[in-house]
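Which chain is which? The protein sequence lines are A and B, in order. Heads up, the first sequence is in the working numbering, so the first residue is 357 and it goes up one at a time. Heads up, the second sequence is in the working numbering, so the first residue is 1422 and it goes up one at a time.
Residues from chain A shown here face chain B by an in silico Cβ test under 10 Å; the list is partial:
1. Ser-365
2. Tyr-389
3. Tyr-406
4. Ser-414
5. Gln-457
6. Glu-458
7. Thr-459
8. Tyr-461
Computed beta-carbon distance windows for the label pairs:
9. B:Glu-1436 with A:Met-371: 43 to 49 Å
10. A:Leu-386 with B:Arg-1482: 27 to 33 Å
11. B:Ser-1433 with A:Gln-370: 38 to 44 Å
12. B:His-1497 with A:Leu-386: 31 to 37 Å
13. B:Ser-1495 with A:Val-368: 38 to 44 Å
No wet-lab data here; the hints were simulated from the structure. All of these numbers come straight from a predicted model, not from anything done at the bench. All C-beta atoms in this analysis are idealised placements derived from N, C-alpha and C, irrespective of residue type, glycine included.
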Amino acid sequence: EPEVTQTPSHQVTQMGQEVILRCVPISNHLYFYWYRQILGQKVEFLVSFYNNEISEKSEIFDDQFSVERPDGSNFTLKIRSTKLEDSAMYFCASSVGGLAQETQYFGPGTRLLVL
Amino acid sequence: DQQVKQNSPSLSVQEGRISILNCDYTNSMFDYFLWYKKYPAEGPTFLISISSIKDKNEDGRFTVFLNKSAKHLSLHIVPSQPGDSAVYFCAASESSNTGKLIFGQGTTLQVKP
Chain A
357 EPEVTQTPSH QVTQMGQEVI LRCVPISNHL YFYWYRQILG QKVEFLVSFY
407 NNEISEKSEI FDDQFSVERP DGSNFTLKIR STKLEDSAMY FCASSVGGLA
457 QETQYFGPGT RLLVL
Chain B
1422 DQQVKQNSPS LSVQEGRISI LNCDYTNSMF DYFLWYKKYP AEGPTFLISI
1472 SSIKDKNEDG RFTVFLNKSA KHLSLHIVPS QPGDSAVYFC AASESSNTGK
1522 LIFGQGTTLQ VKP
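Next up, chain A with everything else stripped away, as it sits in the complex (with noise of 0.2 Å):
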C-alpha cells in the first residue's frame, strides 16, 4: 500500500541554525500539507501546496519556514533559523485532491529538537 515518508526520523539541531525537512507523499497525489505537534499540544496545520504554490498558510507559518517542491517526488519544509519552540513533531502529508472529502494520508513524522 502506498504511503507517506519523511526523512529523517530525528533531527537534532542548535537554534539559529537551518533545517530541511523532507516528505516524499504518495505519488498520484496532488495536494501536499505540514502539520506540527509540539509535546503535549494539539496538530497544528502549517501550510498547504498545490500545483508549486502555497494554497493557504497558517499564523505559525512565518518568514522563516518554507516549502518547496524540489523535483518531481519530493517536499520539503525548510526552517531557515531554529527556535528553541520549533521542536515539535512534524507531520508531512498528502491527497489526490484539495476538497474537504479527500483523505489525507499522513507520514510517520519527523522529531524536531532545537537546543
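Starting from the known structure of chain A, arrange chain B on it as the hints suggest.
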C-alpha cells in the same frame, strides 16, 4: 484557538464493550468532520469521516454521529478490541478552504483485555 475540543484526555474500556469518544466544535463553517487514529511513532491514520449533510456514518465497528445543532460529534467503537488502543483525534474542515484540518487535542483510548 479552541475551535475543536476533545474534553476527555483519556478513556479506558473493557474489551468487547463500546467506546464512545466525544468532540465539540465552535466554528459553524465546519462542514466536514474526520476521526484519525494515531499509534506511537506513527502519523495519524484516517479512520472515518462525516459530512454535515448527514447525522451518521458507519464503517464496520466504527460509527460517527453528528449533532449539528449541538456542534457535537462522537465516535462509537463496537465492540472495542485491544488493538484499538491509540490516540484518537477529531478534526474538522471547511469545504470552501484548501483542505486545512483543524484538530482536537486527542483522546487516548485504552482497551483492556
